[in-house]
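**Student:** As a plain string of letters, each chain reads:
There are 2 protein chains.
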Amino acid sequence: MLKTFEDVVLALAHCYPEVNGAFRLWNGRTVTIGNHPPCFTLHLHSEQAARRLLREGSLGFGEEYMAGTIDIEGDIQQLLRLGMDRRFRDTCIPVSTKARIFLEHLRSLNTIHQSRTNISSHYDHGNDFYQLWLDTSLAYSCAYFRTPQDSLEAAQQQKYELICRKLRLQPGETLLDIGCGWGGMMVYAARHYQAHVRGITLSEQQYEYTRERIRREGLGNQLEVRLQDYRDTEGQFDKFVSIGMFEHVGKKFIPTYMQKVHALLKPGGLGLLHTIGKDNGIGKNDRGDPWISRYIFPGGYIPLLDEILRAMGNRDLVALDMENLRLHYALTLGHWIHRFEQQVDRIQAMTDESFVRMWRIYFHYCQATFQWGQTRLYQILFSKGLQNDYPLTRNHMQVAGNITENP
Amino acid sequence: MLKTFEDVVLALAHCYPEVNGAFRLWNGRTVTIGNHPPCFTLHLHSEQAARRLLREGSLGFGEEYMAGTIDIEGDIQQLLRLGMDRRFRDTCIPVSTKARIFLEHLRSLNTIHQSRTNISSHYDHGNDFYQLWLDTSLAYSCAYFRTPQDSLEAAQQQKYELICRKLRLQPGETLLDIGCGWGGMMVYAARHYQAHVRGITLSEQQYEYTRERIRREGLGNQLEVRLQDYRDTEGQFDKFVSIGMFEHVGKKFIPTYMQKVHALLKPGGLGLLHTIGKDNGIGKNDRGDPWISRYIFPGGYIPLLDEILRAMGNRDLVALDMENLRLHYALTLGHWIHRFEQQVDRIQAMTDESFVRMWRIYFHYCQATFQWGQTRLYQILFSKGLQNDYPLTRNHMQVAGNITENP
Numbered sequence: 001m002l003k004t005f006e007d008v009v010l011a012l013a014h015c016y017p018e019v020n021g022a023f024r025l026w027n028g029r030t031v032t033i034g035n036h037p038p039c040f041t042l043h044l045h046s047e048q049a050a051r052r053l054l055r056e057g058s059l060g061f062g063e064e065y066m067a068g069t070i071d072i073e074g075d076i077q078q079l080l081r082l083g084m085d086r087r088f089r090d091t092c093i094p095v096s097t098k099a100r101i102f103l104e105h106l107r108s109l110n111t112i113h114q115s116r117t118n119i120s121s122h123y124d125h126g127n128d129f130y131q132l133w134l135d136t137s138l139a140y141s142c143a144y145f146r147t148p149q150d151s152l153e154a155a156q157q158q159k160y161e162l163i164c165r166k167l168r169l170q171p172g173e174t175l176l177d178i179g180c181g182w183g184g185m186m187v188y189a190a191r192h193y194q195a196h197v198r199g200i201t202l203s204e205q206q207y208e209y210t211r212e213r214i215r216r217e218g219l220g221n222q223l224e225v226r227l228q229d230y231r232d233t234e235g236q237f238d239k240f241v242s243i244g245m246f247e248h249v250g251k252k253f254i255p256t257y258m259q260k261v262h263a264l265l266k267p268g269g270l271g272l273l274h275t276i277g278k279d280n281g282i283g284k285n286d287r288g289d290p291w292i293s294r295y296i297f298p299g300g301y302i303p304l305l306d307e308i309l310r311a312m313g314n315r316d317l318v319a320l321d322m323e324n325l326r327l328h329y330a331l332t333l334g335h336w337i338h339r340f341e342q343q344v345d346r347i348q349a350m351t352d353e354s355f356v357r358m359w360r361i362y363f364h365y366c367q368a369t370f371q372w373g374q375t376r377l378y379q380i381l382f383s384k385g386l387q388n389d390y391p392l393t394r395n396h397m398q399v400a401g402n403i404t405e406n407p
Numbered sequence: 001m002l003k004t005f006e007d008v009v010l011a012l013a014h015c016y017p018e019v020n021g022a023f024r025l026w027n028g029r030t031v032t033i034g035n036h037p038p039c040f041t042l043h044l045h046s047e048q049a050a051r052r053l054l055r056e057g058s059l060g061f062g063e064e065y066m067a068g069t070i071d072i073e074g075d076i077q078q079l080l081r082l083g084m085d086r087r088f089r090d091t092c093i094p095v096s097t098k099a100r101i102f103l104e105h106l107r108s109l110n111t112i113h114q115s116r117t118n119i120s121s122h123y124d125h126g127n128d129f130y131q132l133w134l135d136t137s138l139a140y141s142c143a144y145f146r147t148p149q150d151s152l153e154a155a156q157q158q159k160y161e162l163i164c165r166k167l168r169l170q171p172g173e174t175l176l177d178i179g180c181g182w183g184g185m186m187v188y189a190a191r192h193y194q195a196h197v198r199g200i201t202l203s204e205q206q207y208e209y210t211r212e213r214i215r216r217e218g219l220g221n222q223l224e225v226r227l228q229d230y231r232d233t234e235g236q237f238d239k240f241v242s243i244g245m246f247e248h249v250g251k252k253f254i255p256t257y258m259q260k261v262h263a264l265l266k267p268g269g270l271g272l273l274h275t276i277g278k279d280n281g282i283g284k285n286d287r288g289d290p291w292i293s294r295y296i297f298p299g300g301y302i303p304l305l306d307e308i309l310r311a312m313g314n315r316d317l318v319a320l321d322m323e324n325l326r327l328h329y330a331l332t333l334g335h336w337i338h339r340f341e342q343q344v345d346r347i348q349a350m351t352d353e354s355f356v357r358m359w360r361i362y363f364h365y366c367q368a369t370f371q372w373g374q375t376r377l378y379q380i381l382f383s384k385g386l387q388n389d390y391p392l393t394r395n396h397m398q399v400a401g402n403i404t405e406n407p
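Going down the list, the sequences are from chains A and B.
According to full-length UniProt numbering, the first sequence holds residues 1 to 407 in order.
According to full-length UniProt numbering, the second sequence holds residues 1 to 407 in order.
In isolation and in its complexed conformation, chain A is listed as follows (with noise of 0.2 Å):
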């Protein structure tokens, strides 16, 4: 049957009678669907970029739109809840365009060589570019809301105290911080918990920084940071925390981290595992979205909540509770989209344009799969071996509010 965009966009209009948008085509035609004025209107200069649009799903989305050959005015969300519906996922791409995708992935692997180059490819793009958009703690993961209202400074500070909480955070117990990145976690559980902390990062910068901000906040006699990959980390620590960092593992190397995490910790010690991760069967093979593998990160995957927790189990690491923010991940993703278009005249003279567009697909793109799509973020909390002495209810996670920021 002959797919066309029209037939595509008319089709999908059936199914969310509740979105009203506008397709404005190459041909001058415009398509709307919904019963009310239009909340968004896709702009697509080219019958190429209409074409990739439905050959190649979000890699042919993501594509043009950096090249400008696709716009969009209005809310970016309601078009990209059409974006995730399977049939814009089950696309056809071509061989040539496989072929290069696999080519891609293999290049990616994570080994200990190449892990370090695709970390760097995403973090080092310069502190300063973090600083426009994140918190000030510089936290690169997700918020934790107590109510959608709260500011996105409080809501990272929420996160460590929630993770600390869970943790059992005891005043001079040792805690290994895996993708510490710009050492918010390292500094909270120094300063609220008197807890000593090693973090460990790949990227050149984030270490950089980090070592700069223990010094800076006098915290040297508690915290650490190495530039350092998982795998050539040594030690035994009380506590384990991993913060958006088992994304960039790879399903090839799950095994070899759980295997670490249990020689990382003492006997009964607890760890909490911050990741975003998909529960859906559908595509369990496959390697990811192609386009955010492509520009965003490189070797990324996104783990199975039931490989990872197999993975667990196969190591003796007992999974006591898991937590799943989704929600949270798409609140936090709104503010970074606000601060980033308040700032985006400096950061597009610090870049380029195309850099500005990959940025803000990217972000609306996470935000619409945690909001309608597939992502979830899962916080699992787990002990090496039998913890017979944690407590019985969850009363003591309950985070209160007024957790003041730390400047």
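If you are wondering where the hints come from, they were derived from the structure by calculation, not from laboratory data.
Source: prediction; values computed, not measured.
Note that the Cβ used here is the ideal one computed from N, Cα and C, for glycine as well.
Keep in mind that the hints are not guaranteed to be accurate.
Stated by the list, open to error - Which residues of chain A face chain B? A partial, calculated answer using Cβ under 8 Å:
(1) F145
(2) Q149
(3) E323
Add chain B to chain A, keeping to what the hints say.
**Tutor:** Relative to chain A, chain B alone:
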């Protein structure tokens, strides 16, 4: 290498220096372990019993204990803690016994016909038997303790309350309870949350009891109980719950079960699965404990956490929250053991000594596996498809004190 009983005991003593116990052998010898007075004594009245214990693990132990060739004085839990050790679990069951186990496994497969027989064999011993040692609501599943000092009555009511809170049960909503037992959850949801509940069970005695209970309590407008297999029930419900029934589904039927749950829930509806499970990859392909399968739960199967979540994901059931209540089940079993022993003379008069010995060792074995071994109790909250209105935090799940028992 020759593996004698004394060798095994002495090897274990090295690994569990805190355990103090005595083993009185058939030949008059006594082996003691630990540096303090023994807290238990295991009497082995024949060499055959010792040999079966070594070769057949729990199957040999259970059968010899039932036959009276093994006796235990003192703290059975400390003895069974040793029994959880891998050296006892890695037993060399003779081929003839293996063949018998496999045939029994085939015979007990949970076809619609066989399920009723399997359920009846455990739950139709007579309601008066269960009333002797369960709480007044007759909850034959893990309770929820706010403190270890909570009474069993309070802890079972708290379990119902916790589930209603996780499910955000609202007045007038419809709830399906698969494996409703003697109706405790149904009555709680009707009385405290004004819900309309359908409960289904395969036990005739549970069905008769629950029907009479609904009539007696005047809840006929809100509650309906059916003697029905889950595969045969129809309709669409706002909420779903299943407490301690999933263990009877069997590995082969897990996808069938999830498909049915998906069909029975309204889009966006919430479900709670409360089930024993395992997180451990070791022994992943085994059919569970052969003694338990033979004597306690024919057709029973302890699912793995990852296989539960994979089956959910494959059916678009989105995991929102998981809580491991393992130690709550150890506490629950402690209450049941205490109450059982208080009534042991009456129970023995109703049945026989072999039955009493079988139930005693079943209870103790289960308590030990929750406390020291491989079994867990998972509460998994999920939604059918995405549910974007669920609260951001878990504050609403917190169970307050002073939940009064429903007489």
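**Student:** Against each hint, give a clear statement of whether it holds in the structure.
**Tutor:** These are the hints, each one checked on the structure:
1. Checking F145/A against chain B by beta carbon gives a least distance of about 5 Å; that is within 8 Å, so the hint holds.
2. Of the supplied interface hints, the one on Q149/A is violated, with its beta-carbon coming no nearer than about 11 Å to a beta-carbon of chain B, more than 8 Å.
3. Nearest Cβ of chain B to the Cβ of E323/A: about 6 Å, under the 8 Å cut. The hint holds.
Going through the hint list in order, the structure does not satisfy hint 2, though it satisfies all others.
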